[in-house]
Structure formats: structure tokens, C-alpha cells
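Taken in sequence, the protein lines are chains A and B.
Read in order, the letters of the first sequence are residues 48 to 239 in this note's numbering.
Read in order, the letters of the second sequence are residues 48 to 239 in this note's numbering.
What the hints contain is simulated information worked out from the structure, not anything from laboratory work.
Heads up, some of the hints might be wrong.
Copies of the same chain are indistinguishable here, so a pair counts whether it falls within one copy or spans any two.
Stated by the list, open to error - Mimicking SDA-like on lysine to any residue, the simulated pairs with C-alpha atoms at most 20 Å apart in a straight line are:
1) K239 <-> P159
2) K239 <-> G198
3) K239 <-> A180
4) K239 <-> P176
5) K171 <-> G218
6) K171 <-> P213
7) K239 <-> A166
On a predicted model such as this, the values are computed, not experimentally measured, just so you know.
Each chain, written out:
Number of protein chains: 2
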Amino acid sequence: MTTTPDRPRVAIALVHFPVIRDRFGSVGATSVTPLNVHDLARAARTYGVAPLYVVTPLLSQQALIGRILSHYREGYGAGANPTRAEALRDVVLSGSINEALDDLCRRTGGYPSVVGTAARQGPKSIGFPDLAARMRENSGSWLLLFGTGWGLGPEAAAQCDFFLGPVRGPGEFNHLPVRSAVAVILDRLFGK
Amino acid sequence: MTTTPDRPRVAIALVHFPVIRDRFGSVGATSVTPLNVHDLARAARTYGVAPLYVVTPLLSQQALIGRILSHYREGYGAGANPTRAEALRDVVLSGSINEALDDLCRRTGGYPSVVGTAARQGPKSIGFPDLAARMRENSGSWLLLFGTGWGLGPEAAAQCDFFLGPVRGPGEFNHLPVRSAVAVILDRLFGK
Numbered sequence: 048m049t050t051t052p053d054r055p056r057v058a059i060a061l062v063h064f065p066v067i068r069d070r071f072g073s074v075g076a077t078s079v080t081p082l083n084v085h086d087l088a089r090a091a092r093t094y095g096v097a098p099l100y101v102v103t104p105l106l107s108q109q110a111l112i113g114r115i116l117s118h119y120r121e122g123y124g125a126g127a128n129p130t131r132a133e134a135l136r137d138v139v140l141s142g143s144i145n146e147a148l149d150d151l152c153r154r155t156g157g158y159p160s161v162v163g164t165a166a167r168q169g170p171k172s173i174g175f176p177d178l179a180a181r182m183r184e185n186s187g188s189w190l191l192l193f194g195t196g197w198g199l200g201p202e203a204a205a206q207c208d209f210f211l212g213p214v215r216g217p218g219e220f221n222h223l224p225v226r227s228a229v230a231v232i233l234d235r236l237f238g239k
Numbered sequence: 048m049t050t051t052p053d054r055p056r057v058a059i060a061l062v063h064f065p066v067i068r069d070r071f072g073s074v075g076a077t078s079v080t081p082l083n084v085h086d087l088a089r090a091a092r093t094y095g096v097a098p099l100y101v102v103t104p105l106l107s108q109q110a111l112i113g114r115i116l117s118h119y120r121e122g123y124g125a126g127a128n129p130t131r132a133e134a135l136r137d138v139v140l141s142g143s144i145n146e147a148l149d150d151l152c153r154r155t156g157g158y159p160s161v162v163g164t165a166a167r168q169g170p171k172s173i174g175f176p177d178l179a180a181r182m183r184e185n186s187g188s189w190l191l192l193f194g195t196g197w198g199l200g201p202e203a204a205a206q207c208d209f210f211l212g213p214v215r216g217p218g219e220f221n222h223l224p225v226r227s228a229v230a231v232i233l234d235r236l237f238g239k
């Protein structure tokens with residue numbers, strides 16, 4: 048895990064289970080989109096957060112992502128596209144959110160604060176400047192959960208200590224892809 | 048074009064020609080990535096900028112994007128996925144940057160200021176807060192050019208009045224995908 052003296056230890060997780068996977072609200076697993084792994088890894092490297100946990104309990108999906116990571120980190124892709132190897136360096140496959148939390152505990156020596164995103168304001172809602180300030184002041188570690196599909200399922204949301212609201216512009220349209228939302232959120236928290 | 052009284056008229060262009068299309072610096076056309084059209088359209092709608100010009104002189108590529116736009120704006124996709132129809136509403140296909148500029152002139156009644164991105168500082172460099180302030184103060188229109196591949200070719204860069212620097216985080220890694228960079232840039236200029 049990369050750390051610099053004046054920065055908090057922040058990791059992110061791209062969560063494929065348990066998430067809301069359709070417009071009817073059913074909870075389950077989504078498929079991993081390989082492009083999202085690349086895009087989030089590049090955003091994570093840009094903003095100095097690590098690891099990027101890719102969370103899926105599906106063994107076939109883990110195998111797929113494992114092959115992609117091997118190709119770019121050690122295989123032909125490592126020489127052909129070194130910046131991709133560098134971006135994917137800190138990607139860690141996890142079978143569950145708890146497995147990601149356990150790994151982060153081992154790396155940092157303490158249980159992280161967990162931050163999710165939510166469409167509605169609630170008791171655990173936090174704004175971007177407030178979260179950035181807490182991260183600077185708090186010496187502990189943090190895990191930001193990004194749900195795919197229609198967002199984190201209730202079981203995953205129950206593990207969150209804080210919720211960021213959705214990324215909004217001046218209007219009402221609220222349908223950014225997860226790869227764009229993650230880049231904007233990391234920029235709001237860690238951009239110069 | 049959507050405008051609100053207190054906001055400038057800002058449009059963006061996803062440029063596939065003339066761009067630097069490989070690591071050796073050759074200038075030409077890149078292929079359109081359909082996913083980028085969706086992602087940039089969603090970011091544009093989120094931040095209230097329009098139109099999104101998709102610039103390519105290649106007729107086969109224009110036909111491909113035209114089919115995708117028809118599917119989601121008028122075809123089966125319009126009913127199946129209305130937010131996608133809404134996002135793609137303001138996408139305009141253009142054969143060149145000049146064609147996009149002409150269209151924007153017709154819509155706004157004046158020639159826009161043109162902003163590109165550049166990796167290096169130069170005489171036309173401008174920071175994000177400075178550009179946001181100029182956009183608020185200037186009653187004219189603006190066109191932000193986003194080059195695909197390795198960035199805008201010299202001929203396109205020569206049309207720019209200003210250049211924004213690359214989106215950076217705290218470290219040296221500078222390889223955000225264009226779809227992430229556009230979302231972050233629009234958030235820095237127009238986010239709440």
C-alpha cells in the first residue's frame with residue numbers, strides 16, 4: 048500500500064455483491080466490467096489511494112479478473128503497456144467486503160472507517176469537505192465502498208459508518224457511470 | 048441547447064481527428080469508442096453543458112454512432128432505458144472541429160472561445176478557478192475540446208484560446224482515461 052507521511056490511508060472497493068442489481072430492487076451479484084477495473088485503478092493511482100479491492104464472490108469472475116491482472120502485471124501487457132501495469136499494481140481481488148476489510152486491517156493494523164454512497168440524506172450523511180477534513184485529522188484507515196448496478200445492498204450499507212451523497216451538478220440529472228463518479232469523488236477528496 | 052440564466056453557454060467536443068494517435072506522435076484519426084459517447088453524454092447532462100459534439104470525419108464511424116443514437120433516442124432503447132435517451136439528447140455528430148464551431152455559432156449567435164488541454168505549461172495555460180471565473184463573467188459561448196488517443200493534434204491545438212493542464216492528484220501518475228478526465232474537469236468547473 049502506498050502511503051505518504053501527510054496523507055491518510057485510504058482504500059477503495061468496487062463492490063459486485065451484495066448490490067441492488069435491477070430496477071425492481073432485487074439484491075445479488077453483478078458481473079465485473081473489466082473496463083471499470085482499469086478505470087478505477089487509474090483513478091486510484093492518480094489520487095494516491097490503495098488498494099483497489101474488486102469484490103465478487105463468483106469464482107468465474109475472479110478467474111476472469113485474475114487473468115486480466117496477470118496479463119498486464121506479469122504477462123505480455125506489462126512490457127507493451129507499462130502504465131497499465133503500474134495502474135493495476137495495487138488491485139486486490141476479494142471474495143467479499145469482509146475479506147477486503149480483513150486485508151486492509153492486516154495492512155494498516157486497525158479496523159477502517161467505512162464510507163458508502165447513498166441517494167438520500169440520512170443520519171450518517173456526510174459532505175465532501177467534512178469527510179476530507181476527517182480523513183486528514185484521523186490517523187486511522189478508511190475504506191470507500193462503490194456499489195455497481197443500482198448501488199450497495201442493505202447488508203453492505205449496514206456496514207457503513209458514513210454516506211456520501213450522489214455526485215450532482217447544477218441540474219437534476221443523476222446518472223453518472225460508476226467509473227466517472229469514482230474519479231469525481233476522489234478528485235473532490237484528494238485533488239489539488 | 049440547455050441554458051439557465053446564470054450559466055454560460057458551454058459545449059464540449061470529443062475529438063477523434065486531428066489527434067496524436069500513437070506513442071510515436073503520428074497525427075490522424077482514432078476510432079470512436081461508443082462507451083465514451085455514453086459516458087461523456089451523461090457527464091455533460093449532469094453538469095449542464097450542451098451539445099456534446101462527437102467529431103470524426105470517417106463516414107463509417109459517423110454511421111455507427113448515428114445508429115447508436117437512433118436506437119437510444121427513437122428506437123427500442125428510448126423506452127427500455129429513458130435516462131440513456133435523456134443523456135444522449137444533446138449529442139451532435141460533426142465531421143470536423145470547424146463544423147462543431149459553426150454549429151455552436153448558429154446556436155449561440157457568436158464565435159466561442161475554445162479551450163483545449165495540454166500536458167505542459169505554456170503562454171495560453173489557464174487554471175481551473177480562473178477559467179470558471181472567466182466563464183461566469185464572459186457572456187459569450189465556450190467550446191471545450193477533448194482529444195482522444197494521445198491528445199489534440201497541432202492543427203487542433205492551434206485553434207485553442209486557452210489550455211487547461213492535465214488532471215493531477217497528489218502524485219506523478221497522469222493516465223486518467225478521457226471519460227474520467229472529462230467528468231473531473233466538468234466537476235471542477237461546474238460542480239457544486
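Hints and how they fare:
For the identical chains of this complex, K239 and P159 are neighbours neither inside a copy (24 Å) nor across copies (28 Å), given an alpha-carbon limit of 20 Å. In this homomeric assembly, K239 and G198 never come within 20 Å of each other (Cα to Cα): the closest approach is 28 Å inside a single copy and 22 Å across copies. Taking the shortest alpha-carbon separations for K239 and A180, both the intra-copy value of 14 Å and the inter-copy value of 18 Å come in at or below 20 Å. Proximity of K239 to P176 under the C-alpha cut-off of 20 Å is found in both arrangements, the shortest distances being 13 Å within a copy and 12 Å between copies.
Taking the closest pair of Cα atoms, K171 and G218 never come within 20 Å of each other, the shortest separation being 24 Å inside a single copy and 31 Å across copies. In this assembly of identical chains, the alpha carbons of K171 and P213 lie at most 20 Å apart only when taken from the same copy (14 Å versus 34 Å across copies). In this assembly of identical chains, K239 and A166 lie within 20 Å of each other by CA distance solely across copies; the values are 16 Å between and 26 Å within a copy.
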